[in-house]
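Asker: Once you have looked at the hints, place chain E on chain P.
The residues making up each chain are set out below.
Protein chains: 2
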Amino acid sequence: MGKNVFFFSKEQTDGNATMKELLGGKGANLAEMSELDIPVPPGFTLTTEVCGYFQDHEGNYPDGLREEVADSLKKLETATGKIFGNVENPLLISVRSGAFVSMPGMMDTILNLGVTDETVAGLAAKSGNERFAYDSYRRLLQMYGDVVMNLKPETETDHDPFEEILEALKNEKGAKLDTDLSTEDLKELVARFKAVIEQKAGRPFPQDPTEQLWGAIEAVFSSWNNPRAIKYRQINDIKGLLGTAVNVQAMVFGNMGDGCGTGVAFTRDPATGANEFYGEYLMNAQGEDVVAGIRTPLPISTLDDEMPGIYSELIDIRAKLEAHYRDMQDIEFTIEDGVLYMLQTRNGKRTAFSWLRSQVEMVREGLIAKDEAVSRVPASEFDKLFAPILDKKYIDRNELKPVANGLNASPGGACGQVVFSADEAETAAAAGKKVILVRIETSPEDIGGMNVAEGVVTARGGMTSHAAVVARGMGCPCVAGAEDLRIDYAAKKMTVGNLNIAQGDVISIDGFVGDIYNAEVPVMPSEIVQVLNGELSAENSELYRNYETFMSWADGFRTLGVRTNADTPHDTVIAVKFGAEGIGLTRTEHMFFEGDRIVSFRRLVLAAETVKRLRVDEEIDDLTELQKACKDDKAAVDAIRQYKQALQELLPLQRGDFEGIFKALNGLPATIRLLDPPLHEFLPHDAEGQKEVADVMGVSADIIREKVESLHEFNPMLGHRGCRLGIIYPEISEMQVRAIMEAACNVHKSGTPVKPEIMIPLVGHVKELALQRELSVQVANEVLTANGLTKAEIPYLVGTMIEVPRAAVTADQIATEADFFSFGTNDLTQMGCGFSRDDAGKFLKDYVELGIYDKDPFQVLDQAGVGKLVAMACELGRKTRPDIKLGICGEHGGEPSSVAFCHKVGLNYVSCSPYRVPVARLAAAQAAINS
Amino acid sequence: MGKNVFFFSKEQTDGNATMKELLGGKGANLAEMSELDIPVPPGFTLTTEVCGYFQDHEGNYPDGLREEVADSLKKLETATGKIFGNVENPLLISVRSGAFVSMPGMMDTILNLGVTDETVAGLAAKSGNERFAYDSYRRLLQMYGDVVMNLKPETETDHDPFEEILEALKNEKGAKLDTDLSTEDLKELVARFKAVIEQKAGRPFPQDPTEQLWGAIEAVFSSWNNPRAIKYRQINDIKGLLGTAVNVQAMVFGNMGDGCGTGVAFTRDPATGANEFYGEYLMNAQGEDVVAGIRTPLPISTLDDEMPGIYSELIDIRAKLEAHYRDMQDIEFTIEDGVLYMLQTRNGKRTAFSWLRSQVEMVREGLIAKDEAVSRVPASEFDKLFAPILDKKYIDRNELKPVANGLNASPGGACGQVVFSADEAETAAAAGKKVILVRIETSPEDIGGMNVAEGVVTARGGMTSHAAVVARGMGCPCVAGAEDLRIDYAAKKMTVGNLNIAQGDVISIDGFVGDIYNAEVPVMPSEIVQVLNGELSAENSELYRNYETFMSWADGFRTLGVRTNADTPHDTVIAVKFGAEGIGLTRTEHMFFEGDRIVSFRRLVLAAETVKRLRVDEEIDDLTELQKACKDDKAAVDAIRQYKQALQELLPLQRGDFEGIFKALNGLPATIRLLDPPLHEFLPHDAEGQKEVADVMGVSADIIREKVESLHEFNPMLGHRGCRLGIIYPEISEMQVRAIMEAACNVHKSGTPVKPEIMIPLVGHVKELALQRELSVQVANEVLTANGLTKAEIPYLVGTMIEVPRAAVTADQIATEADFFSFGTNDLTQMGCGFSRDDAGKFLKDYVELGIYDKDPFQVLDQAGVGKLVAMACELGRKTRPDIKLGICGEHGGEPSSVAFCHKVGLNYVSCSPYRVPVARLAAAQAAINS
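Going down the list, the protein sequences come from chains P and E.
Under the working numbering, the residue at position 752 of the first sequence is numbered 752, and the numbers go up by one with no gaps.
Under the working numbering, the residue at position 455 of the second sequence is numbered 455, and the numbers go up by one with no gaps.
Looking at chain P on its own, in the form it has when it is part of the complex:
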């Protein structure tokens, strides 16, 4: 191993911002700021390699580490002019975690190290503030006791022994706030804290500062693998890191009196992206007080009144940091006796709104280039721009007033039943309920509940509180620090004024402004969607204009086409507004469920098997001939008649569907998939449903039940579906192709160009495709001829899904019959990996936790396995037919890393649900930029 400890101070700095992997984000940026002559308390960083070594060697350190730390400590004493453990002039230090990726609040921190029974007096003397000295001591005792000596309670319901002692003392002294306690009270608190430590830990609080330091270092390194840190990394998909760095830094105190304070800020608004200095501070407080949300801090702008010099210095630093880092920064600072210290800078987490606006404006400001702007915005969060909002008109019409107001901590409107614990949120959500999680404040243990909640409300905490940071990251609407709420966990209710809100009551929240309504408010489309729908003028929406600008840049880089999966004209219209360049998948089966047509389709299903049996018995394929041959068998004739009639009924309905879609596309291509699911999906499986259907259809419930039983499949996923239906029941394919082509002719004649692409599903063997293609081409040409049109006028294509592994590996053969391939990666994942999507939940979660798959392969394309099948099929397909059109219509088509894969293997387009179209456009642009 190389150098283990990196020093930073005004005079000497070993590291810089490029060394985040080794020094962690915090350590690297502290070094960088030191180099930039920004005031940073000096210190040193133990590398992430040390953490890796520590994990791999059962808590041992690499050789020489202790000496390196001792040397650095010496330098620190020189830089600060204080001595660690010295009775007269004690150096106090902090020990903080800091990984490559920020994991706020997940790992441990210990402040005020170096205070002992002996040095506390020196600290008092040197600072001239005995109360401060003992306050620092009791803070150290509590943090050290909790973190290093493991006195922290393991569950939410247990009590922290230090908090209990503090509350007891406050009661004894009649003190309301901590600050009401006197110096003598704090001395008593120190005594009681030391006693409880010795009692519970079985050993006293260490009076040797070096022992304190090494205890803290070990605790921070160990905290890398505490359960909540592991869970955080899982949720946020943080992988492949060695561990955390440890930052040892001279303490500066925001809690030494009136000239002191501490704060956190963003160089731009993390919610909206506005180019405004945005933050909060608390006077006479340590930094943890702001972040923990225990006291509600003041807006940063008011600091201009209180300490104008400091404020002006901060404004300069803000400008310097943005110019240097060329991105929005998230900073922490402390003011000690009128002197400003920067404790942290990092690229700021922000909402999708903030990402969009900040990047667009930074391009305009000349700070960054367009490709930087496009490649930075996280595509995975981009669809939050289209997140719903509360219906303002409903609120006005019903003259609703907010019952409480808090900080607009995470944008979005939400409505749901109130729950007061993360567990209850998870239970209710699992039962299909929409919930709003209401907490006094949130902690890392609440992440599971926040993950399933529609929205989050806290009674305490600011914009940088845990609730606010996490909710923004999740795209979950959040109102934080709604201080009027009185929350009673035990009674499962909250009160605001005279109003009682019990668990299960419905509330609505507006995360854009921080309002809480004691009512069920309809949730509306986002502002961008409203503009797209013509409900709002673009002039009145800066958000929309930024979006338009940004997307035009993205489209400029993008080479991959983006289509949509849409089954209705309505969805098609939305998708086209979102920039879809055509339809990649229309599922025709959904259409059969609409209105009365399900009756016709069910009639078809009931007759189909009989028709098939007759065909086999009579060895006659032609329906009319078959009917003649069976003329003496009434049941047979009835079945054939019913089959034909149902198809005749469905034809005009399907034609109407397709006309609507073609019109909505206005000349863009539409890939329409023929019937895919097994026929039993169209019949109800429960007795009640069967009875209903029987009544509607005028047959006995037994007939329906028998049909359902005869159609039953053990593994429907691998059953009689897809092109296997069209091959056994060619009339269904014929009807569908006829409907598509007649619709195309009609719309073409009305003056709108049409590009139909007929897609045959579930092909595994080229001969399946050959049969269905032959049928399709024959019907299509018949319809064209009947309409006096030619293929030049309606240039239809016939192609196939590639979703059966066999099709992927024989794609060279399949391509002989296919104008295009569309990868159905949902089914290809099911068959390729052998996972039933309906069942795999039972083990897939464990699989991801065990690291067998990095991600759920149904959400993120399994590139090594399923992706290999896709890549192979692309190569084989192009070998046969170099100009074959290649696309993807599985749900992976809207997932950024999968889109990047599609770009890499050279697909022509991806197709995804309408609301994911902008995500796919952005991901495609990023893939092009990064390739």
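Rather than coming from a laboratory, the hints here were simulated on the basis of the structure.
These numbers come from a predicted model, not from an experiment.
Heads up, the beta-carbon is just placed ideally off N, CA and C, and yes, glycines get one too.
Nothing false has been slipped in among the hints.
Here are some, though not all, of the chain E residues that point toward chain P, as calculated from beta-carbon distances under 10 Å:
# : residue
1 : L711
2 : I728
3 : Q813
4 : G832
5 : G834
6 : R837
7 : Y847
8 : E849
Answerer: Same frame as chain P, now just chain E:
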């Protein structure tokens, strides 16, 4: 197109035996025999290309065909000295089908062409036999009417108008047999036949012989695509042929009087292979009379008494043909007025017994080489050698006597319920019943019923009758020509003497000797199996000795290993006797169903999910730690205890299983697969079964029901099974590996070497294998150490099934963790093709009929698709690990064409069920010879 018509005669022959594809088997061999100076009536052959042209051009012929036929007819007139259509000296000809592959009785034949109202008199005068002339005429009218003019009834129940007229006339005349009719009667018959033709066909029987000829040619070409011919080709998997040839040949008559006769013969015994001239003949009959089974013919040896000169000539021809063709021949001959004519020779169809003996003896005779012998015997029929036989001891003990006796037409013992029609046979077989199909005689329409019957009995017909030929081909035991049976289709019963046997009564038949028992006789192992089992001495079994000899030749050519799939010591012993070189697959799950152990395993299943949930909740994997953490939760503690206890109970049972298998293998390797099926397969799905289980286990039925419901899967094939079980429940894998290794140590210590191969099922991702391999190696080494043994002493391997497509395409990765691959082609077919084996019956049959797949891919490996995955995995696996051991354990491992594929891609071994081992050995030898 080239030459369409090939002439053959003593003087000029255009074709030869190598031209079977063009001239059909019959035509090519007629030409070849002509060349060999064997007496053959002259004639000419229209090629199969003409048939192909005819099919493709809506019944039109290629240009110039009519001229070629006319020229050939002229040559034929010259060769015979007769004139076609000449009133004084009429040439009569036959028109017969003849494809590349023999399709006996499937296509049409017309004899006696050239008889007209005018020529019949000349024929009478020339032959001096007026009765013969009119008999020929009435035969022509019936055949031509049935075949060319389509008067043949379409269904079994309809009557042939000619038969009706014949019966009526016989009744009028008081005639019992056809031969009782006088010349005048035959003239009357001719008149009536002509009348019925004109009446039913709407046009008269053509009096122009040339018109007759072309009508017959067209009928024969058309008959290539008649439904029964199509069905025959499907059943016998005959594909890729252009069509049938048409052989036009001068008639010779076996029915002209006492010096006349006709017969069919084999150069060796087609049932046993004995080197004896074997055949039958009828005096004063046409050839069709022998084959159709209407009269029961005489054994060929009696011809020596009747016509010793002819017999001696036949014996010479027999020798000449065998020497020339170097294989057993199936011949047809006719004797006309004391002159012998050969009408056909072809390689004889025969039983597996006959194949074996004839080939072994031909090698000994120096006629053929060993590789020829080995490569000729159809591997697909080889397992019929091991077909069961009737239990002779049971027959003796119960003093059973045959109630009837017929010809030993197809070997094998069978027992089942009597049915009297093919349809009833199919219905009963579909309902799971074992049936014996009893018919007066069979016809091509009966093939479906014969296919599902255990055995076939006919009351009429000889060894070469339809029933006998088809049953031998199917390996279906058959007793033919049991003339004492009086069969009454209408009453659905038969009588023999005073005994009534009704439909549904059980009979037993012995196809080796032709006996029929009115009793249920147990069916016993074959003679070879009896020798292998030590129940019969090899000295007393020539069959066994030939088998041993033949297999030793085969093994000499074979390079592919052959293992067996066996789950019990019993099966293992059998398989080793059949030559298995180890076990390729032991399915451990079957063992859990035995006896009481299912209770323990069900206890495990009931507890497993609770244990899993606790693990997730507590974040503790170790069972003991988990139990500690849950100590206050009684239900949790109970579940953990039950889980551990069930595993402890199962361990010694499994160990015992494996000890038995290792002992049976006596040092051969054993691949043992860890638990594969989903857990719900071990619980009953019906309420009654659940109640029973609940009672046995002492829990409420609701608990069982709830567990079944919670374990329910929509697609269990793609569900929580295979290694997914071992990963979520590692203790199950641990227990199994421990049982395997402890058994291995115990057996090793007892002095028997052991080679265990631990196989991880359903691996899709290398990390799954890595986890299970790590666990297996750890447990294995623990057990070895505990027993004071080393891996050198018990060289265990850990490998995986390749049955998930993802595993096949990432086999390079998988191979990093696998000592061996075993291709599970059953599941690889299910997932690769997307076919659920349990459901695909609904369309797979149609798929094969439509030619989408050549064969059911579950029976014959789909080489282009699934095989591509296999080949890819072999290549990738070897790239990573050049010495990786490769095998197959799907059911394809015993199917000859699939075995050939395995040889081609270079697998180390195939594994199949015990009784298929000899088939696989033979197929592997043939693959080596043919490669």
